[in-house]
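Turn these sequences into a full structure, and let the hints steer you where they fit.
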Amino acid sequence: MGEEDLHQLIEGCIKQDRKCQKALYKAFYGFAMGICLRYANNRYEASEVLNQGFLKVFNNLSNFDTTRPFKAWLGKIMMNVSIDYYRANLKMAYTDDIDTVPDISDNALGDRNLLYNDLLAMVQQLPQAYRTVFNLFAIEGYTHEEIADMLNINVGTSKSNLHKARQKLKAMVLKADQSANNYNSGMNYTHIVAINAINMNGIFLNRGIR
Amino acid sequence: MDNEKDRELDHLFRKKLEDPVDQIRYEEEDWDALEQMLDKQKRRKGIIYLLPILSGVAALLLLFFGWWMLQPKTTHNNAASKLQASIIHPKTIDSTKSEKIQTPVQKEVIPTKPNTTYVAKLAKPAVVNHNPVIINAGKQISTSTQTTTATITKPASIQGGTDTLFSQQVRKDLIAGTKQNAKDNKPAAPAFNPDNIQKNIQNELTSSGAGIIVNQHTLTAPQVVNTQKPSLVNPIGPSVSLNNIAANTAHTPVLQQQGTTTAADQTNRPATGIKSAIVGNNPPPLTSAEKMQMLLEKTSFAGNNNNKTANKTPTFKSRYSVGVVGGQDVNGVGSFQQAKLGTKAGVMFNAAVIGKFTVSTGSVYSETPYAASYANYHFPYDFKTDPQNISANCTMLDIPLNVGYQVFNNEHNSISIGTGLSSYIMLQQNFTFNYANAPTTSYSMPNNESYLFKIVNFNATYERQISSKAGIMVQPYLKLPLADVGYSQVKLQTTGLALGLTWNLNTPPK
Chain A
9 MGEEDLHQLI EGCIKQDRKC QKALYKAFYG FAMGICLRYA NNRYEASEVL
59 NQGFLKVFNN LSNFDTTRPF KAWLGKIMMN VSIDYYRANL KMAYTDDIDT
109 VPDISDNALG DRNLLYNDLL AMVQQLPQAY RTVFNLFAIE GYTHEEIADM
159 LNINVGTSKS NLHKARQKLK AMVLKADQSA NNYNSGMNYT HIVAINAINM
209 NGIFLNRGIR
Chain B
4 MDNEKDRELD HLFRKKLEDP VDQIRYEEED WDALEQMLDK QKRRKGIIYL
54 LPILSGVAAL LLLFFGWWML QPKTTHNNAA SKLQASIIHP KTIDSTKSEK
104 IQTPVQKEVI PTKPNTTYVA KLAKPAVVNH NPVIINAGKQ ISTSTQTTTA
154 TITKPASIQG GTDTLFSQQV RKDLIAGTKQ NAKDNKPAAP AFNPDNIQKN
204 IQNELTSSGA GIIVNQHTLT APQVVNTQKP SLVNPIGPSV SLNNIAANTA
254 HTPVLQQQGT TTAADQTNRP ATGIKSAIVG NNPPPLTSAE KMQMLLEKTS
304 FAGNNNNKTA NKTPTFKSRY SVGVVGGQDV NGVGSFQQAK LGTKAGVMFN
354 AAVIGKFTVS TGSVYSETPY AASYANYHFP YDFKTDPQNI SANCTMLDIP
404 LNVGYQVFNN EHNSISIGTG LSSYIMLQQN FTFNYANAPT TSYSMPNNES
454 YLFKIVNFNA TYERQISSKA GIMVQPYLKL PLADVGYSQV KLQTTGLALG
504 LTWNLNTPPK
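Chains A and B supply the protein sequences, listed in that same order.
For what it's worth, my numbering labels the leading residue of the first sequence as 9, then goes sequentially.
For what it's worth, my numbering labels the leading residue of the second sequence as 4, then goes sequentially.
Beta-carbon label-pair distances, calculated as ranges:
1. B/Thr346 / A/Lys79: 39 to 47 Å
2. A/Asn160 / B/Arg46: 33 to 41 Å
3. B/Val325 / A/Asn97: 41 to 49 Å
Just so you have them, the derived chain B footprint on chain A, three or more residues with Cβ under 8 Å:
4. 126-138
5. 177-185
Quick caveat, the hints were computed from the structure, so don't treat them as lab data.
We put the beta carbon where it would ideally sit given N, CA and C, even for glycine.
Printed below as a string of C-alpha cells:
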C-alpha cells in the first residue's frame, strides 16, 4: 500500500466508511497487535486493547496530521491505550507468576537464536508493572523520568521494576537455552504461545509505509 | 559488566519484538468485535445528538398541548349558543302540536335566560293574585301553568291578559337573552340563585287564601326556568328542574286532572298531597310550615345540585408537594458537540404561592460527564504539554430554586413552565487528559466547592395526578451557565428529560 492509497483510506475512515475502516484495520493489524501483545498478558487482552486503540484511531483520524507518518501515530496510540489498560488494572500489576528469580549465569545473551514467539512469551510472563516499564525503557526507548511521568510512579520504582524485569527475563532466556539443549539431546520440547506464526495471510498489507 | 549484559538483553528483545508484523496472523473475529463497538458507539452518538432535539420538541409539545387544552371551553359555549338560537326560532308553533314538542322546548329553551331577568319580570304577574277570574278558573290556571313550563311555545292558549303579557315578555326576554348569549359567546349564568329561593319563601309565607295558588304558580315560573337553565351545561340539570316542577304545588296536579302531559308526568313523580290540596276540595291545604319545609328541601336540593355544577370542573391543585425525580441529560461545554450522557436523581419540594405561580426547590445528585478541547478549560496551572482533549466526570449536588407558572390545569393534569437559578455543590471532579503524543493521564479532585446561583434553568413540566395524593411528572429542561463552574472553570450546559413521582402534602377537598 502506497502513501496515496493510505490517504484515501484515511479519508474514507473519516467519512465513517466501514469498508475503508476494515481495510485500514487489516493493513495495520499486525503492527498494532505486536505492540499490544508486548504490553498485555495474553492474546485475548491484547485484542481488547487493540480494538480500543483502533476505536480511538477512527474517532481521532480527523485530527491526524497527514504530513506525519501514520504508523508512528498509530503506534503511539496503541502504546497509550496499553498504558491506560495497565492503569486500569493496577491491582494485578505486581502479581508475580514466578515466585523466585533464579540465579543468572554469566553466559552471554546477545546472539541467542530465539524466535519472536519465544521472546514474546517471556515478556508476557512478567508481572504487568515490570513488563510495562521494560517495554517502555528497553523497546520504546523512554527514560525513567518519562516513564515515571507516564505511569504516575516514582523514578525509583521505574528503575526497580526494570531491574526485576531484566532479572526474570535473563532467567527465562537461560532456561530456554537449557531446554533447547535438552531438545537437541533428544528431549521433546514444545513451546506454546498465543501467536500462530505459520499462517501468513494478510501480513504484507502494510509494506512500503513508513 | 551488568550494564553491558542488560544492554544485550534489551537489544535482543528490541530486535525481535519491535516490529513483528510478519509474525502475526490477522483474525477476523477481532474485526467483528471492533465493528460491534463501532456500531454501539454510533447508536449512542445518535441518541446523544437527538436528546436535546427531543427535549426541545417535548417542551414545545407540552406548551402547545397546554395552549390547545385552554381552547375547548369557548368552542363548546359557542356550540351551545348556536343550538339555543336555532331552537328558539320556531316560536310560531301551533298550539295543537305544543304537547308533543313541549319537553324538548323545556329542555332547550330555558337555559338561555338569565334567572335574574325572570325574577324581575315575574314580579309583575303577582298582580294576578288580585284577579279572581284567573284564580278561580282551575283549567285556565292549568293552561297558564303549562305555558310557564313550556314558556313561549303556547302563547295562543294563554288566557287572561296578564298571562299573555307575561308570556310575551318572557318570550322577548328569552330571545333577547339567547341573542345576547350568542353575541357574547359567554357561558350561561349559574342557575342557582339563593335570592330567588328566598323570595319564593317570603312570598309563600306572606300570601294567603286562593292567592297562594297563583303565587305558587307565579313563583314556579322562575324556579322552573332557573333550575332548568343549566340543563344544557349540566346533565344533572333537567332532573332537578323536573323535580322542582313535581314538587311545586300549582301546575302538576291541575295538568294531570286535565289529562295533559307534563314534565312532571314524564318524571313519574306525581305530587300527591299537594295535588289534592289544590285541585280537589277534600284534603286540607298545606300549612305554612309544610311549605317552608318543602321549599327548604327544594332549596337544599337545588343548592346541592348547583354545588355540583359549581364543582363541575374541579381543578387539580396541590399547595405543597414533594417528589422524587430522576433522569438522563446531555452535558456539553460551550455547545453539545462533544456531548456526554449523564444521570441525575434527587428530591424536590413544590409549593403553590400566588394564583398559578409555584416555587420549587430540592436537591439533585448529578453525575455529569463532559468533554471538550483543551481551549475550553481554564485550569489554574500550566501544563508541560497541552492536552489535546480533556474529558471530565463531575459528581455534584444541584440545588435549584425555580418559579413555575401553570399554563394549563384541570382535574388530573397540569402543565407549567418554569425558570430559576441553580447552585452546584461539587463533590468529586475527575479529569482525564488526552495527549497527542503521550499516554492519557488522570486527575481526581475531591472537593466541595460551591457555585451559588451560577446556572439558569428553563423547564416545562407536565404533571398527571394518578390518585388524590400521588402524581407523575415529566419535565424537559435546559440549564445554561451564567459563569464558569468547576475546578477547570468551564461553561457547562445541560439539557435532558426528568421523570418523577410527586406526593401532595395537603389534603384534597372532599
